[in-house]
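Trainee: Read off the chains here:
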Amino acid sequence: MLTYILRRILYSIPVLIVASFFVFWGVRTTYDPTAKYRTSKDAARVIAEKKKELGLDRSIFAQWWSWFTNFLHGDLGISYRTNDPVSSMIRKAVWPSLQLMFWGTIFALAIAIGVGVYSSVKQYSAGDYAFTGLSYVGIAMPPFLFGLLAIALLVTLPVEKFHLSQPIFYSVGLHSEGQSGFNLDYLRHIALPVLTLTVQSVAVWSRFQRASMLDVLNADYVRTSRAKGVPERNVIFRHAFRNALIPLVTVVALDSAFLVGGLVVTEQIFSISGMGRLFLDALTGGDAPVLLGWFVVVAIFVIVFNLIADVAYGVLDPRIRVG
Amino acid sequence: MTLKHGKALRLVAIASALALIAAACGSSSKNSSGSGSGTTASQSIPTGGTLTIGAEQEPDCFDWLGTCAGSSWGLWMAEVNTIPLAYVASGVGANLSYIPGPVLAGTPTVTSNPETITYKINPDAHWSDNVPITCDDFVYTANQQQTSNDIYDRTGYVDIASVTCPDSKTVVVKYKAGKTYASWQNLFAGTVGIMPSHILKGKDRDALMKDGYTWSGGPWIAKWNKGDSIVLTPNANYWGAKPHLTQVTFKFLADTSAEFQAFKSGQVSMIYPQPQLDVVDAIQQGLPDANTVYNSKTASAEALWINNAKPPFDSLPFRQAVAYAIDRDAIVNRLFGKLGVTQAVNSLNPYVVAAYSDQNAWSNYKLDLNKVSSLMTGAGWTKGSDGLWAKGGQKASFTINSTTGNKRRELTETVMQQQLRTAGFDMKIANQKASDLFGQTLPAGDYQIALFANDLTSPTPGECNIFCSSNIPTPANGNSGNNWYRVNIPQLDTLLQTVDRSLDDQTRMQDAKQADDLMAQNQVSLPLDPLPDIVIWSKNIVGPVGDNSIEGPFWNMQDWGVKS
Amino acid sequence: MTTAPVLPDVDTELALPPGAEPVARSNWQLFRRRFFRHKLAVVAIVVLLLLLVVCFGASWIAPYPKNQTNLLITPGGPSAKHWFGTNALGQDMLTQVLYGGQISLKIGIAVAFFSTVVGVFVGAIAGFYRGWTDQGLSRLVDLFLIVPELAILAVAIERLGRSDNAFIIVLAALGWMYIARVVRGQVLSLREKEFVEAARASGASGPRIIVRHILPNCIGPIMVNATLAIAAAVIAESTLTYLGLGLQPPATSWGILLNQAESAVTSTSQFYLVFFPGLFLILTVLAVNFLGDGLRDAFDPQSPH
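Protein chains in written order, with our numbering: chain V, 1352 to 1674; chain W, 245 to 808; chain E, 113 to 417.
Chain V on its own, in the form it takes in the complex (with noise of 0.2 Å):
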C-alpha cells in the first residue's frame, strides 16, 4: 500500500509541474501585466520599462521557470490589484473554503450514498421517481438560484412570518460578529452555504451510486450469492455496495475540482471570503499573479484529494492496487 501511494505522489508531481505550465502560458497570454499602465504619462516608456522589470521580454518557458522556482521557495508574486503578496492572500482565503468543501463532501456523500442505495435496491417504487425527481430538479437548476432560493425560503421566509428577531440561518459570511469557532452559530452559518454548494454533487452522486449499484445487483456474483440463499442484506451491502462504491469514489475524487468551482457563486451569495471569491476578484480585475497562485494551488488540493480517494479504490478492490 504504502509503495502504491508513493508510486502515485511520484506520477503526480509531472502532472503538475506540465499543468503548472499550462495554467502559466493561458494567464499570461489572456492577461498583459502592464495593460494598466497604458493610460499613464508616457505610456511607451513607462511599459518598456515594466517589460523588463517584469521580465516579460523573456521566453514564455523562461518566465515560467523563474515563476516557478519561487513558487517553490513559497513566493508566489504580489497582486496586481493589492499589491499584497499573493501567497498570503491565498492563505486567508483557503481556510474558509476547505470548511465549505470539508463539511460538503461529507454531507453530500452520506445523503447520496443513502438515496443511491435505496433507490437502487427499490428500484422504480414511488420514491424512487420521487428521489430521481428531485434529484434532476438539483442537477437542472443552476446554483445560484437555488442559493436564493434557500435563502428566501429558509432565511428570509420565517424572520417575515413568524416575526422572529434573529433568522433561524444566516445567510451572511460564517460567523456572527464577535463569535468564532465551533458553535450553533457557525451551523446556523454554514448550513445554507453547504447546501448550495453541494446540491448539484448530491444529485449526481446519487444518480451515479444508484445507476453502479443497478449494475452490480444484476451481474452474475450477485446472482450465485442470490441463488446460493445469502440473505438480500447481505447480498446488498457486503457484495454489491463495495464494488458499487468504485465508480463513486472516482466521481467524488473527480468532483473536488468541480466543488472549487461551486465555491465562486456559493461564496459570493453567502457573502464568504475564500478561494472563490479570491478568484472572481482576480478574474474582474485582471489580476495575473494571483489568478496563477490559484490554479497551482487548487490543483495541489484536488491531486491529494485524488490521492485519498486511489487509497479507497485500492481498499475496496484489491486487484486494481496492482496498476
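I should point out that these hints are in silico values taken from the structure, not numbers from a laboratory. The structure displayed is predicted, hence computed values, not measured ones. Ideal Cβ placement from N, Cα and C applies to all residues, glycine included. Keep in mind that the hints are not guaranteed to be accurate.
[Unchecked claim] Covered stretches of chain V (in silico footprint by chain W; criterion: 3 or more residues with CB under 8 Å from a CB of chain W, positions within the stretch not fixed):
1. 1413 to 1425
2. 1430 to 1443
3. 1500 to 1511
4. 1556 to 1564
5. 1634 to 1640
Based on these hints, arrange chains W and E on the given structure of chain V.
Mentor: Chains W and E only, in chain V's frame:
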C-alpha cells in the same frame, strides 16, 4: 487623470457654492444636517447601539490619493468618515450645499491676480493622536498631489505656485501668475482631503495607508478586515460632534438579490443598492419595516458616449440620426418608471451641477424616424433592400461597448438594438470587464459608442477635462487625457476653459450653458438616464438618514442612532 | 423489485454455459424489443424529439419574432396573448424559451456527445491495455483534472470570445475525464471476469472484446454521465452568465433566461420567469435520463422491469 475600475468615471470638477446654497436648510459649519427623509438632528438621538450596513463593493486599497483608490464605496465608507475635508457637499436628497467642512473656521477668502485662497483652520481641530491639524498638513497634501508618482487626480494642484503658513492655523494657497482654478473649493476636499503630515511626511504614503490606517481626522476610526468588512468605531479624540453609535460595520455583499434577502431578514439594517431592475422589483415586492428613498437628482449621468473621431460617427448627420432613432424616454420609463423616473435626461451634466448646464440641451432629440431619414439621405446614405442604410458599399453598422454583468445595461442595449434596427441601423453588442473598458478600450479609442455612467465627486462643473481638444489622449500628453470621446470643437474649448478658470460665477454659468447647447447641436454624445440613488434603511435607525449623491449616504453617521 | 429471480427470455442466450454473463448481441430486433418494453424511455424519446423540433423550428412556431421588445405593455404572467408571460422588456417568454432552446440544446447535446465519446475511448483503452498505455493516459486525465472547470472556462472564454462554439469546445475538453476515469475503473474490474477470458479464449481481439463484451456492461454510468453532461453544460453556461462572462445579446439561451430571472426566484408574482425556462431544462434532462435507462435495459437482457 487616470480611471478607476467599476461602473463609472469620476470627475473632479470646478466648484461654485452659490447657486447650490438654495436649499432651505441652513447648515452650520460645525454640524452637518439637512432636509430629506428621516428625523432631523434636533430630535433626541439615543446613545449606544451598533449598526450593520450592506456594502456592494470593497475598495482595493485605502490610499485615497493613489491610483488604486478610484472606488466610490471606499470613499463613502471610510474616507468621508476619517479624513478631514475642506469642503463638504452637505445635506440629503436633491439639495446639497457645498460648504466648508468642520475642519475650517469660516469660509476661505479668495483674491485674484494671482488667485490666492486663504484658509483658517478650526482651532479645535486635531488628529486622533491629539496632534493639531495645522497648515503643515495642507502643505504636505498639496506637495503630494503635485509631486508624488502615485496620484489619482492632480486637477487643480498642478498650477499652484506655493502653499505657505503665516501661522500654524492659517494656510495661503497661491496660484501661478496667469493660471486660475475656478473650482478651488475642491482643493483639500473630495477624493483628496487633508493628510496628516506628522505621520506621513518623509515616508511611503501608499505603503502606510493602503491596507488601512489607525489614525483619523474625522468622527470615526476605520478598521479594514479584508474580504469581510470595514468596522468604524468612534474617534474618542474627535473635536466635533461625537457619534452616538458605538460601532458601524460595513459588510461586503456582492450579490444584489442576496443583499436584499440579508436586509429583509435583518442581517443588515441598511443598504444602498445600485438601481438594477432586480432592485426595483424587490422594492415593489414590499419592504414593510423599512424607509425607502429614491433620488433621481444625482451626481451621475448615464449616456451613450460617442467616439467622435471614428467612422461612421465622425459625421454630424450620422450622430444626430442615431439620436433621433432611439426612444430614450421609453427606455428610461421602462428601467426606472417604478422609481418615478419617466423621462430621459437631456444634458451630459448631472443634476448636481444643474446651474452650470442646460438641463434641456438635448430635449429635441426624441424618436423621429422622419428626421432620421432626412438626415441620412441628406448625408448620402440610402436604404438597402435589407432595411439598413448603406453608403459607398458600407452598411450603417457599428458596435456598442459596455460593462459585463450589468443586467440593466444589457437590457438597455437590447432595446436600443431593436429600435436602431427599425430605423435602419445595425448595432452589435460587445461588452467587456469594467477594468478593460475604462482602463484600455476607452482611453485608446478602440470603440465607436459606449454605454456607461459618469459620477461627479463634487458639485462643481469642469467638463474641459473630458471635452476639451487638448485632453484627447495622444502621445503628446502622454496618453493621459480624459477626452475619450475625441471631441474637437474650438468654440467649445474656449467656453469650457472659461468655465474652468473664470472667477466670476455669472460668466461661468453663462458659458457652461452655451457649452451644453453647443455640444447638443453637435450631438457629441447622447445623455440617457440619471442613475437614481436608492437608500433603504430599517425603521430602527433614527437621525438625518438620506441620500447624499456626492459624499455617500454615510457622511453624517455621527448624527445617527438606533432605537432599542 | 430485483429480489425474485427472473426467468431468462426464450432466445438464444440460454445456450451459454451457466455462470457466464450473456453478451449483448447486436441483434437489432432483440435490442429494439427490450428498449420498447421500457415505456418511460419511449416517452422520453418522444419528448426529446418534440423539444428538438419545437426549439429548432422556432422560426416557424414561435408567435413573435426573436428578442422583440415591447416597452408599451406591462410585464405580466401567462395570458392568452403570451402563454409564458412577458419579461421586463415586454419580450414574449414563449418565443424566448424556444429560441433559447436552440443554443442550450446545441451546447448541451454537443458537449455530452463529444465528452462521452472521447472519455469512453480513453478510459476503455487505458483500463483494458494497462501498463504504460494506462499510465500515459491516466496522467493525461490527471492533467485535465486538477484544474476547476469553471475557472478554466472563465479564462478560456476571455481568450476565445463568447460564442456558443467556444463554450462547446471548452466544456467538452473539460468534461471527458470523468467518464474516462469511471470507464477505466469499470473496465479494470470487468476484464478479470470469466466471460472476458472466455471471449479471449475464443479468439476475439482486444477492441472487439472491449466494444462487444465490456462496454455494454458499463452502459449504466456512461448513460448517466451523458445525461448529466447535458444539464451540466447548460448550467455552466448559466453560471458564467451570472458571473458576467456569458454569451452576449442578442444571443439567448435557457441559461441567460434563468440568469435574467434571478430576482424572480423570490417573488410569487414573477416566478413564471424562472418556471418556464427551468421546466424546459428539467424536461430535457429527465428525458435524456429515461432514455438512458431504456438504453441500459436494452443492452442488458437480464434487467428486470
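Trainee: Now tell me, hint by hint, if it's right for this structure.
Mentor: Against the structure, the hints come out as follows:
1. For the region 1413 to 1425 of chain V, the proposed coverage by chain W is not satisfied: 0 residues have a C-beta within less than 8 Å of a C-beta in that chain, short of the threshold of three.
2. Against chain W, the region 1430 to 1443 of chain V contributes 5 residues with a C-beta closer than 8 Å to a partner C-beta. That satisfies the three-residue criterion, and the hint holds.
3. For a cut-off of 8 Å, the count of residues in the region 1500 to 1511 of chain V with a CB near a CB of chain W stands at 6, and the three-residue condition holds.
4. Against chain W, the region 1556 to 1564 of chain V contributes 0 residues with a C-beta closer than 8 Å to a partner C-beta. That does not satisfy the three-residue criterion, and the hint is violated.
5. Here the region 1634 to 1640 of chain V counts 3 residues with a CB under 8 Å from a CB of chain W, which clears the bar of 3, and the coverage holds.
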